[in-house]
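*Asks:* Given the sequences, and given the hints that come with them, work out the whole structure.
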Amino acid sequence: MEPLQLDIMEISGAILLIATFGVIARRGFMDWLNAYRLQSIVLAGVTAVIGYVTGIWEIYVAAVLTLLIKSIAIPKVLTYVTRQLEMESKTETNPYLSLRASIIVSALLVALAYFFSQQLPFKSDPVVDIYLPVSMAQFFLGLLALVNRRTALSQVVGLLVIENGLFLFTLALTHGVSLIIEVGIFADILVGIVISSILLFRMSRTFDSLDVGNLENLRDD
Amino acid sequence: MIDDLVLFQVVISSFLGGSILSLVSRNCGFARYVIYLPSMVGSVLAVFFSLHVMTGSPLSWTVPDVVPFFNLEILVDGVSAFFILVIGTVSFAISLYSIGYSKEYQDTKRISAFGFLFNIFIASMILVVSSNNGFFFLMFWELMSLTSFFLVIYNHEKEENIRSGMTYLVMTHLGTAFILASFLLGYIQTGSLSFDSLRASSQSFPFLVKSLMFVFAFLGFGTKAGIVPFHTWLPKAHPSAPSNVSALMSAVMIKMGIYGLVRTVFDLAGPGASPDYAWWGVLLIVAGSASALIGILYAVVERDIKRTLAYSSIENIGIILIGLGLSIVFASYHLVSLSAMALVASMLHTVNHSFFKGLLFMGAGSVVYSTHTRDMEKLGGLVKMMPWTTLLFLVGAVSISGLPPFNGFVSEWLVLQALISSSQIPSAILQISIAFASLPLALTIGLAAAAFVRLFAMTFLSKARGKLAPGIGEVPRTMIAGMAVLASACILFGLVPSLGISLSTTAFHLQYQPSSPFDAVALQNASGKNFAALSMPVVATIMACISLASFGFIRAMGGKTARTPSGTWDCGFGNLNERMEYTAASLSQPIRAVFKPLFKAHNESDKEFHLQTNPYLVRSMRFSSSTRNIFEESLYNPVVSSTLLVLDKIRKIQTGKVNSYLLYIMVTIILLLLFVRMSHA
Amino acid sequence: MPDIAILLLLLTPLVGGVLVTILGKKNYAEIITISSASLVLIQVIFILSKVIHDKTITAFGNMFYIDSLGAVILLPISIVGFVAVLYSKNYMGHQYDMGMVDDKHIVRYYQGINAFLLSMIVVPITNNLGIMWVTVEATTLVSVLLIMLYFKENAIEAAWKYLIIATVGLSFALVGTVFFYYANINSGTSEDAMDWTGMVHNSKLFNPALVMIAFVFILVGYGTKAGLAPMHTWLPDAHSEAPTPVSALLSGVLLNCALYGIIRFRIVTIGAIGTAFSNELLIILAVVSIGIGAASIYFQKDMKRMLAYSSVEHMGLVSLGIGFGGLVGVYGAILQIINHAIAKPLMFFASGNVSQKYETKVMSKVKGVIKVMPMTGTLFLIGGFALVGMPPFNIFLSEFLVLSSGFQSGQFLAVSVVIVFLVVTFAAFLRHLIKMIFGTPAAEVKKDEMGKLAVIPLAILGSLVIVLGFYIPSQLQELIHNASVIINGGGFA
Amino acid sequence: MLSISDIALGTVQVLVLMALSPLLTGIMRKTKARTQKRVGAGILQPYYDIEKLLRKDEVVSDQASWIFRVSPWVNFVAIVTAAFFIPVFLANSPFGLIGDLLLVVGLFSLARFFTMLAGLDVSSTFGGLGSSREMMISALLEPAVFLAIFVVAITYGGTSLSTIVESASNSAVLPHPQLIFAAIAMFVVMLGETGRLPFGNHETHLELTMVHEAMALEYSGKSLALMEWSQSIKQILLFALIANIFVPWGMASSASPYSIGIGMATFVIKVAALAVGVAFLESSVAKWRLFRLPDLVAIAIASSMIGLAFYYL
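Residue numbers (this note's numbering), protein chains in the order written: chain A, 1307 to 1527; chain B, 1316 to 1996; chain C, 16 to 508; chain D, 4 to 316.
The hints are simulated quantities; they were obtained by calculation from the structure and are not laboratory data. Fair warning: there could be bad hints in the mix.
[To be verified] DMTMM-like cross-link-like pairs, simulated, lysine to aspartate or glutamate; straight-line CA separation at most 25 Å: (1) C:Lys167 to C:Asp117; (2) B:Lys1922 to B:Glu1948; (3) C:Lys380 to B:Asp1319; (4) C:Lys380 to B:Glu1472; (5) B:Lys1967 to C:Asp463; (6) C:Lys380 to C:Glu295; (7) C:Lys167 to A:Asp1526; (8) C:Lys462 to B:Glu1893; (9) D:Lys59 to B:Asp1885; (10) C:Lys316 to B:Glu1472; (11) B:Lys1972 to A:Asp1517; (12) C:Lys380 to A:Asp1517; (13) C:Lys462 to B:Asp1380; (14) C:Lys70 to B:Asp1380; (15) B:Lys1875 to D:Glu54; (16) C:Lys376 to B:Glu1472; (17) D:Lys55 to D:Asp298; (18) C:Lys40 to C:Asp18; (19) B:Lys1964 to C:Asp117; (20) C:Lys380 to C:Glu493; (21) C:Lys40 to C:Asp112; (22) B:Lys1875 to D:Asp65; (23) C:Lys376 to B:Glu1474.
Just so you know, these numbers come straight off a predicted model, no measurement behind them.
*Replies:* Structure follows, in structure tokens:
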């Protein structure tokens, strides 16, 4: 595999990471959506790169799908949802960790991701070798977002980031599993988004805010 | 020649039939008979069966593949038969008694459920002693606990009953956990839970494993038997239960603990005949002495009739354990005949205790039946209203106080002889420590008499100290009959002790066999001379002759004299009334004062004076005195509360914040990944 | 021939759901769903008899694959499904009469139930681990819909937590799956690398490091769904807020499906790197789960939450048995799965009756159930004693097996800790139960049962609880035995 | 097992004891009177008392039940039965194979049991007071008795009295050292059992000092006679025990009239001496406070424990 491809992969991976950081580092909900959209576009690019490297045409299809669903459909749905929600502030007011802290933590998490994937025997396969840590990092960053944020919407975004990581991961390792499963996974994700947006509606109607602080009645202390 | 197996199945099925019948008898008029007649039949058959097995050959029966890995194995050898005999006799009497006793319950609530549980309870006890496989043993064991628990909380309208029931259930379950551990230790040695395989190979177990098995068994079975300090459930559960149930529990069920101990010690984890195992016996002796003394001390100051009896059960279990422990110690020093004697002593006391304790609990039940109170301070003077109950209760009281010529005396006599024989143990330290261990036992025997004088006198004699409901009368005939059965058993085993002795010797295949039932129980000392001898029949005859002779003599000397009734001497003050009598509390006050630290007795009195200035003219004076249970206060409560504290900390992790939940997941995955990374690198 | 059987099995709930949607009437929906559930039950029994006869069934090429392990998971699904649907008629009917739900909700409910059944049925019979993941995820989505059936605040909260946590968890499960898949293709397999049979076959060739990480992801992922602590946090909320029949399904069956995932991958793992690693992890999580279950039960106020925590504890026991390994342990674990799947729905139904009668889920407000509803009370009691492992009820045997296997495998520490926790649970659980069942009820509570269909399902389960306590039919024994052989990696090259 | 001659001899012994017992009481009263510078009644007075009481009508409390009426008889029978096992002047007591020391103790407590019941039966405060004290004292005395017996038994190889006395009379003139301690214990026990000072006082009817009298307070006529007589029999039995176990001299080893005569004489002398000693002691000490009695019992127990230590170590 010639160095050019390697460089492209390296760079695309790096860009993807940065895009993910973007999701962490923003505050307003719209900013996240944009960050997410951006990240999805990058992801589509990465997908294309993988397709180009491995030379499997289905992956281009996957890339197109990603572009359509992730960077257009889902953001549309979510913006629609947020429009519907009659709420004054859609910005994350007080996350558990301050921005700075969360940036540092996420840096640590990325390091962890690389640390974990180091032991695995992927040297033979540069695609995996490069993208695996990136995707793992995305899981962790997504999780961080989920743990850190207080509004339901931002948690949805965190979920989406994880899901992106999942997609990249699957792609990198499998170069496209059998089609049923791909479809199944996509379908699941879409339904999940739909359901969560229904829940968001319900929430805003019942608690007239999306603060998960309202969701603390069920507890044992 | 009848088949043992068939007989066994008939016994069990008659109890099951009784339970089903009582379910279908929707509390109809003759429901009581439907419930208790089957159990009576079953009990009689059980007695017959056990005697048949004892004289004949053991019954063993295996049903394979009922559940995976375990077969239902039944083995009724002499020991099981011995205990089945006890169960049968007592439960016969109690069933007879219950026909009358359940009447008041039938008027107020359904007794069909009660009958169901009652029958299952007895059946489960028979199955416990006859099961030969660890799994099924535990199964029937827990079945026994479960049914007895439901019987204890049968009057569940009272909060307190439920609470004491829960205490009982939890403690007995804890005990079961220990028994389980003991069995499983054997299981990992042999790979099977069948007692046969344990028997076969237990001699080759490592010493440590055996000792652990023993200790766990001691803890487990000890809890059921009510050994101090695992006894706290007993004085709670017995009073809460209906009296026929408490009779059954105290007379028979706690003996299941003894059975388990005997089984484990002499059969499953058989100790080798080497001084290494002496400490098993010492442990039992120490625990026994503690139980005996502490049990009776609490009995002396208790004011609830049934709780007094419960505490005295703890005491008697202690005596039984002392005998058992001595037998182990002797065995470990190859003193075979002494060990046999000690074992006989403790087994005889087991039988005797189940007789008189059943009798006493039934008597207490009759008192409650007609007076509806268990409080001695309110009772009194029943001797005139319930003569039969009084007489039978007196028999029980005298027997349990270990007075000749009743059965309690014989077994305690044997235990004491065994203690004295400890001088033959070739180990100075053991000799002297066991000799000193006889101190608490002697004290216990003395206090027991005191406790039962108090119980009997306060309940039946002189005048009622409180307001009793009018129209108190004698209890129904069936109840009297039930008590009479056990009373006569007490007298019989007292007059002809060799009955009980030969019973236990045949059950345990021991050497000693009296040639005629009227032989003296004779013990030889080391130099072959007569160490001690006791021939109750002759003693009884002597007493009879003397009473005749002396009656005649006195009559001859004094001639006929009149007996004129008159008021009790009141020092001339007049109107002596019941409020001037000694109460139960004041009666035991000296003893309570002597053993102050144990009771943490707490007295409070407040006086009102006619003139505040003058402390001599007292208008009124209230005095109340309460004893506290140091075990509850300084052993159980701290443990429980600290546990709860920990639990409270743990459950706090359910914070209700989805963020924290996700954090847990994140941390878990990262930790596990690190774990892999480290273990791999 | 098998193809048709499987096809019918899958079509039954599907058609049922469709019919419910078309007819969209309460009565129709009830009848249709009951009949579909009973049909499923019948078919499953038929399939099981085939499985017992010729160890495995494969259908549609290699797509569906039922062995004894799948069968022992399939059995509870069908039984509980049937009973739950039977119970739903009365339960939802009562909600309907109380005006908590309207026709629309009822129809949606029955659609949901059918979909739920369908998705759960697929899990144990598919051979393709990818499809398994998809269906497990599908169960999440469906059950979320069922939980938020009526939009009370708590229902929404529970649904949200459930959705988020389960999705995150399952994404890890997918990661694990893909790892295994990768290991499989790297071991140069010919057939579809997602097939479990193929994986087990090649497991020897897998790269150990990869398998370890993969199993960790699987454990955390499916463990989240199976309610293993500390990923169990969604469980009490979801189970307590769902409509009672759904709670029964969730806790009695869904958890098993998730555990089934773990078990399948464990088999592959032990094929690759032996038992030590997976057993270690399983035992750790199991002990934590049992402890947390015990601790949370004691202070519980809400009866359904209490039952939920006891589910956490029992899932812990199952994984403990598997972790201890050995024939006895695994056998006990599977038996535990079945027993729990019978006892827990019984408890949920009973608590459903109680909460509908007393109109509260708060235990301290409930007194004297046995006097108000004798049948329900008795069955409640039986179920409770079964759950805490009291003989002569069924769970005693399985717990006994698990613990003894622990002694056998020399895990004394774990076993003794667990025994302590079990005693605590015993005390805590019964304390609540006894206080509810006995005592004198409040005067205003009307003394009668909730209705025939509110008792019959309980009676069915109750009789099973008692019978399985001391007698297990030989066919079932054989099935479980084969299943445990499979779990121990037996019967494969 | 029991030959006619045995029975005859045993019965004779018992009759002797029964006959002598009031005399002993008389002697003690007389001695006390003398030491207190009183003339005092003649030593035969107790016989007159009993004889008179036997002929008197009874006054019975209307509260009393049959327990009250029966217990004097039980008392009497139990104690006389005990007399059958006490060695008097024969070394091997003919009933040695029927019962032993523990049986004697048992019979005593049977008597006590019914006495306490009787005291509580008549709902008089005195009765309660007496029983309550008796409960405590008897319970505390039990271990002292048993430990003393323990020492004796291990020294002479048995609790069977014939064995004890035989091997005692065969043993050296001076008994074993541990027996001295046992004797002390036995003596204290005897004081307690017979309600002598410092435990109680027979002469007065003062609430402070009454133990046994308080329980017997309601009795009159025949019943009182029985109570008194059995009390004095019990007393002589205890004296006989102490005398023959710890001072085992001059017991008749054979049934020949000569040796029996010797045995008789020595027995009477020993017992009388003991009685006088006790009487002196009684007039020299005061009644102890009830809650100081445990100390006395403790001394008894301690001394027999020392005895045990002596034997074993």
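*Asks:* Sort out whether Glu295 (chain C) lies within 25 Å of Lys380 (chain C), counting only the CA atoms.
*Replies:* This hinted pair is violated, its Cα atoms lying about 43 Å apart.
*Asks:* Is the Cα-Cα distance between Lys1964 (chain B) and Asp117 (chain C) 25 Å or less?
*Replies:* violated (43 Å)
*Asks:* Hey, Lys1972 (chain B) versus Asp1517 (chain A), does the alpha-carbon distance stay inside 25 Å?
*Replies:* Holds - the C-alpha atoms of Asp1517 (chain A) and Lys1972 (chain B) are around 11 Å apart, at most 25 Å.
*Asks:* Assess, step by step, whether the Cα of Lys380 (chain C) is no farther than 25 Å from the Cα of Glu493 (chain C), and give holds or violated.
*Replies:* With Cα atoms ~46 Å apart, Lys380 (chain C) and Glu493 (chain C) exceed 25 Å; violated.
*Asks:* Assess, step by step, whether the Cα of Lys1967 (chain B) is no farther than 25 Å from the Cα of Asp463 (chain C), and give holds or violated.
*Replies:* Violated, at roughly 38 Å.
*Asks:* Tell me if the straight-line CA distance from Lys167 (chain C) to Asp117 (chain C) falls inside 25 Å.
*Replies:* holds (15 Å)
*Asks:* Taken at face value, is the distance from the CA of Asp1319 (chain B) to the CA of Lys380 (chain C) at most 25 Å?
*Replies:* With a Cα-Cα distance of about 53 Å, the restraint between Lys380 (chain C) and Asp1319 (chain B) is violated, given a limit of 25 Å.
*Asks:* Can the restraint linking Lys59 (chain D) and Asp1885 (chain B) be considered satisfied, given a maximum Cα separation of 25 Å?
*Replies:* Judged against 25 Å, a Cα distance of about 22 Å means the pair holds.
*Asks:* Under the criterion that the straight-line Cα-Cα distance not exceed 25 Å, is the pair Lys167 (chain C), Asp1526 (chain A) satisfied?
*Replies:* holds (19 Å)
*Asks:* Could you grab the alpha-carbon distance between Lys1875 (chain B) and Asp65 (chain D) and see if it respects the 25 Å cut-off?
*Replies:* This hinted pair holds, its Cα atoms lying about 21 Å apart.
*Asks:* For the pair supplied as a hint, Lys376 (chain C) and Glu1472 (chain B), confirm whether the alpha-carbon distance does not exceed 25 Å.
*Replies:* holds (22 Å)
*Asks:* Quickly compare the C-alpha distance for Lys1875 (chain B) and Glu54 (chain D) to 25 Å and report which way the hint goes.
*Replies:* The hint holds at about 14 Å.
Violated hints for the displayed structure, listed by number in ascending order: 2, 3, 5, 6, 8, 12, 13, 17, 18, 19, 20.
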